Amino acid sequence: MNNMEENRTLNYTPKDFKSDQEVRWCPGCGDHAVLSAVQKALSELGIPKEKFAFISGIGCSSRFPYYMDTYGFHSIHGRAAAIASGVKTANPELSVWNITGDGDALAIGGNHFIHAVRRNIDIKIILFNNEIYGLTKGQYSPTSEKGLVTKTSPFGTVEEPFSVGEMVIGAKGKFFARTYDSNVALSTQIFSEAAKHKGTSVVEVLQNCVIFNDGIHDVVTGREVRDDRTIVLKDGQPMLFGKNNDKGLVLEGLKLKVVRLGENGVTEKDILVHDSHEPNPGIQYMLANMRYPDYPVALGIIRSVEGHTYEADVEEQIEKIQKKAKIRCMDDLLKSGSTWKVE
Amino acid sequence: MAKNSKVIKREEVVIRFSGDSGDGMQLTGTLFSDTAALFGNDLSTFPDYPAEIRAPQGTVGGVSGFQIHLGHSEINTPGDYADVLVAMNPAAIKANAIWVKPGGTIIFDKDNFTEKNIERAGYISDPIAEEKLENYNIIPAPISSMVREALKDFGLDPKSVLRTKNMFALGMVYWLFDRKLKYTEQYFDKKFANKPEIAEANKVALRKGYYYAETIEALNPVIIIEPAQIDPGIYRNICGNTATAWGFLAAAEKAGLKTFIGSYPITPATGILEEMALRKDLGVKSFQAEDEIAGICTALGASFAGYLAVTSTSGPGLALKSEAIGLAVMAELPVVIVDVQRGGPSTGLPTKTEQADLLQALYGRNGESPVVVIAASTPSNCFHYAFTAAKIAIEHMTPVILLTDGYLANGTEPWKIPEMKDLPEIKPPYAEKNDIPFLPYKRDCERLVRAWAVPGTPGLEHRIGGLEKTMKGTVSYIPENHEQMVRIRADKVARIADEIPDLAVWGESSGDLLLTGWGGSQGYLMTAANELREEGYKVSLVCFNFINPLPKNVREVFSKFTKIAVAELNLGQFADYLRIKYPEFDYHKINKVQGMPFTIKEIKENCIKILEDE
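Just so you know, the protein sequences line up as chains A and B, in that order.
Residue numbering for the first sequence follows my numbering, starting at 1 and increasing by one per position.
Residue numbering for the second sequence follows my numbering, starting at 1001 and increasing by one per position.
Just chain B, with the same shape it has in the complex (with noise of 0.2 Å):
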């Protein structure tokens, strides 16, 4: 292929595909992302699909996106705005023209701008004009006639040739930023081995596509994103998802276990159930449960059994889960509960992202029932806060509630592959062999860690349950023994803060403003804490992971700073529990609740605000 001879270098940029929810915009991102990766380049991605399946064609609720942020430098978001746009149909420009940067490329498929569909996006006549794009840099492209008549003589039925659209497409965009086709020809000769007229078909369409904009100079210059400094080692792309399952994976080798988990399908969690279901090749038992409760309560008996027990939810899951978490704080077993947060109440946005079951997880049990809350922060330390979950659970013989969210758990980056030689060890405090009698209830006296005695074990047979017990199993109503016994299951969960790492600070030490986040939010909260300080204002970054118990050396934090700022996705629930732990700090609330991840620059604007209010 020609090289390009009017090039320029960037550090970065975003690109968007949009189209219909069956146009093939998930696999077009990811074939892009996937690319981008193996050149070097670090990257972050999010798509952006609706809950309907097939939502109606040419609508805006049926529009499908998948976002790529690529650069030369660090990546810690999929991006706020978009340098390219493909849109494969008016409703695509409808959904995302707010969301391209002023004087960007948006290609479209103008064999899909007809009345109808122009009619459906809710537009009058020319979307280009409506949404006032006339200055940006518009590539009208006739994609469907396009790949029409270079797979005339394929004999493939009319809907085969409009599928390879957004190959065309992409072939496009991989001409703009100067990248090889090679990658994407080989996935096809793979996926469709037993189908070469599709494989080819989508070749030709991809290969149409590079040269279509070659011919146009549809951007010009050409821009080039160097590969980024990276670490050196083996890396592979990774969403939250795979990443959560994977770092169980981890936990229990390393501890000498089985793996359980009991789950129900619930987007957006359904991929951890769905990669641990493939992983009989490591043993695992995947029991796809007949209800929410039967997932967490088939886990709880696997983890009766000695195994490492799981399950995956997302928020409504987690609130039928409550009774059996509480039995879980009651006898004393391990037990991970991963709530991969959407938008809520009730059904809410399944599809989209939130954090606004902070306080669910937190509080949302009958009784004093403390569990220990841990939140990963992006989709590739997934797999370090599972596989850190699974160890506190297991070593502490207490349910742990893992937090991620509908970003992470789809979201993709490159990772660094770990050795499991250098992963920590895990050791599951086992009864025993003569500890008889066993007492179930007896604790080690630094931790109050009680012992595991699993069922097929000679002469440690012992009841547990969920009705209050004395120290040796015995069913107690006497009110002494029940407060002690609440405060010491406090005192278990509140001790695991002497193993947690300090919160670390990322800037300076102390200055005018710290800004606050937890879990999911991480990465804009970093680019937007970086900016401000390239732009002249003290303003430091904190991300917890670890919610409950909170490190040890908050107080200590956030007593350096002049103001803090706590953002997150729901109306302020992790500011409102920082307000009861450290009352003596003042909290400004950065809040959003549109289903969507913040941006850099409404996070900014926040920060400034409230570092010049008095």
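This is chain A alone, in the form it adopts within the complex (with noise of 0.2 Å):
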């Protein structure tokens, strides 16, 4: 973003990024403590406020627009990450944030997520995943676990769950992280590495619906447990993991394994290093795909990829074309080809 010209010091602080709305999620909510970490990270990206763009489809995580003092579009059900891909498109200036939540971006608008992901044009998808249907009052999701007793699987689903991170690998993309909504400070870091990374950042929030899902992702991300649950993947760091830091993870045959430093004459330099920059996905993909209990769920950038963007590359091509064209305004076209004149 060239901010020479505006002449301006952007010294935001998160109050900035507040509208004057009400928040009118409910108490204890995960969603309120999202909207303050990514009011902190876009306080210190730098970029102007005007630049900002965020866009929702539906579903309580998509009323996310209206608390923020930026550019806003809440618009359908599913739609949003489309919707995103034309503001971007049109205007690659701009910074857009797609919000959006397991139902939104993964049943009705699963279609535009992988589309997205797979042109990885340069949108920040921030997914909300709590597992559940919250704004229709709680029936299970393309994300809930088998079995899940809901209103409309009152017998428990018999639908296996979607992967956020499968699908995004999946779909080519590029960038994927996840946090959990109580950890503002992780979430915080990623959301601003999400931000600066050129291409489509998907980041899960592991979310909790306090009135309909209550406590599904404490079993991971309790206060008790999370130490021992989770691994925040940390670039060129051993994946070590545990309260005394003293699990970690290695590559056994084809697959990943839970191994404890000490035991079995394990040390640190077997221990997996993290890249997130690796092209091939294979490592990344079985991390994004850890499941408690067998292994701790995966926290951080998984995976960060450079790669051609779509708006850029339309703009490119653009550029190229017009170089070398004969046809440079619409009066140019309108004689252009077969003609003849009448007298």
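These are computed hints drawn from the structure, not numbers from a lab.
Incorrect hints may appear among the rest.
Unchecked claim - Derived contacts from chain A toward chain B, CB cut-off under 7 Å, selection only:
#1 Y71
#2 H115
#3 V258
#4 D331
#5 T339
#6 W340
#7 E343
As the list claims (entries may be wrong) - Computed cross-link-like contacts, DSS-like style, restricted to lysine-lysine with a CA-CA straight-line distance of at most 25 Å:
#8 A:K324 with B:K1258
#9 B:K1280 with B:K1190
#10 A:K335 with B:K1472
#11 A:K40 with A:K196
#12 A:K324 with B:K1280
#13 B:K1442 with A:K18
#14 A:K49 with B:K1433
#15 A:K323 with B:K1258
#16 A:K18 with B:K1433
#17 A:K341 with B:K1182
#18 A:K49 with B:K1472
#19 B:K1538 with B:K1592
#20 B:K1280 with A:K335
#21 A:K269 with A:K326
#22 B:K1472 with A:K18
#23 A:K198 with B:K1258
#24 A:K341 with B:K1191
Values in this document were obtained by computation on a predicted structure and should not be read as measured data.
Just so it is clear, CB atoms sit at the ideal spot from N, CA and C, and this is done for glycine as well.
Got two chains here, separate frames each, mind docking them using the hints?
Below is the structure:
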């Protein structure tokens, strides 16, 4: 972003990104913390406020744009990724954010989600995953664990859930990160990295619905257990976790395996070192799919690979063609090709 | 080339080229019409092709046709019945025999009338006899064997040789109408600049066909159609889809905006997306979306970002876009949705024409969801109505549905090229830079239009969306606010009537019958009304281009006629719409749903019946 000509000092605080609207999420909802983290991350990016556009679909999380003092468009169910794609393609100068949920992005909007990721269009997708439909008051979602009892699955679901990371990598995604709502520091850092990444960034936020699916992520992210049941991945660092940082991940055959330092002669140099920039997504795919209780759930930036972005390639193609074009305005076009004169 | 000695002058003539979908009939027809246009004839063309790219060879389902109507006077339709039919196989006779004028000329490739092909077309042994065409001017030409003979030294494979059959046939038709071969020869030199042997083969086939027709005196006398009296100016042939695309581009240039099209390929609308995708030279951003919904949603995103945004589709796609059109109504963003209508419902008749999406365009959304609906009525005026649709969308911050149809989309006619300086200005209602705090739903009092604050503009940050809002942009569930906003949105669209032209009457402003139509039927209705007047009937014509809102003078126009007949290619949707708007009049319906345009004959017969019924 070029701020030189604007000659403004961008000393934002998170407050500058708060709109005058009263936040209407339920008290205790995980969304509040995500909002704070986004406002904090944005205030530190050095991008002028008017360059942000927040586009959302339908669902609790999709009310998000109303609470941001930026340009915002609260649209229709599932379509925000497509609308955001239009905004970014039209004006690549904007920092375009797509706020969505597990139902909005992966059920009704699944098609737009995978195609936005495939095109690698430079939009920032924050996917609030609470594994439930909250706004319609508690039906199962495409990420609900098989067997979950909800209003529309009174005897438990019989469907396999989607894994967000698996979908992103399957759709040729180049940036995937995961955080959880109450970890504002981690979320802020991830949002900031997602913003800086050129291309589609997907951030899955494990988010708590206090009313309809309360505590769904507690088994992993609960205060007492999170150190042992999650792993925060850092580039160049060994994949260690646990209260005492003594558990780690190694590759055994074609699978990841949890080991303990000091047991069976395992030392720190046996532990895998994280590399989110590795283009081959093999290990990243396994990391994104780790599930409790077999594995810790991976947090942090799992995959971050550079690539061509859709909107930049569109601009480049236009520029290239315009350089040698014979048709430069409508009058040229109208008179091009086969014409004849009637006297 | 020897000048034909025996000639006769005619006002107009209709020619139909017909063959297997792989026989190159569309190209043959296009080359003939370009030659006619360059000569100065007025003309109208219509391609008629199957949905299957290559249906089984030799079957009636696989017949592809191209009809050209050219004349010395004004030509408004591609014509009902052909004076000359070129049939490359028996199936082409089967599909077209009833469309040849009694006593007309039929040229066919007799080499292709094999037992197998005759049977495939559904005949027993002799198509000409079975269709009772013996009294027609039948020209059984050995086209396949003649091109084989003519090109035997070219070293081409047999397939490439037979591919020139259409040019042999075209050469014959050129002789019948005393046309020059020059334009067509130039076309091949250019098209096959890198394959001179193919260019030469086609040129040879063309000339051999011409000489063959001359030798056998295929038509006696030869028919000459003098150039038409046409307004001076620079002309080109244009089809509806290209004219539509160019209309948008012209509007963007006038408005100082960039153009975005988000679309999903669908017959018969794809040509619009294809033409826009070509126009990178003019900076168009074309987005081939993952589906119809993403087509309009990406367009809405681009509109939010300050572009002239367009999505093109046909009926099934319009159905998928409904929810997003509702969002555009609510968010009050400019976007043009083009529906190139085809036969429906469902997949229906993808390559055929119909006018049955009218009520879908007007009403096919949830809630009170008014949109502007405009219909183009000739292939070339698609330019004007696309331009106008974009102008209204931008200046009134509203979605506009532009209806064209398969007949307009693929039909071509000569078009006098406009100068950009002569087109009206378009002024986007941008928010003022110091309009802080920006209230997204504050309106100008006169037209009720909200201002457009484009992301990137400092200080005008705001939120819009599909939930009901107050003027400030705050979500509101207050009952009175909702009703007020619903009424304002309806009123905003209704007030556009102040800016659209009055309905024009062709013919006397009063009389016994007002023939009424809309959109793509215009040419047929006009010809029928002209002929009825010449025959002494007091018939006038109106053709609507502005459907919602309607022109302001409709009641006044209607009240001057004893009877009103509404002709449309559906079961009476526009007639029913008029009945809601102007219940004081009685509407006689003239309807057809066969995937084909009206014929002049059936319109006239219906009108006379309505006139004669008490």
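Exercise for the section: State the violated hints by number, sorted upward, taking the hints as numbered earlier in the document. Expected result: The structure conflicts with hints 3, 10 and 21, although it agrees with all the remaining ones.
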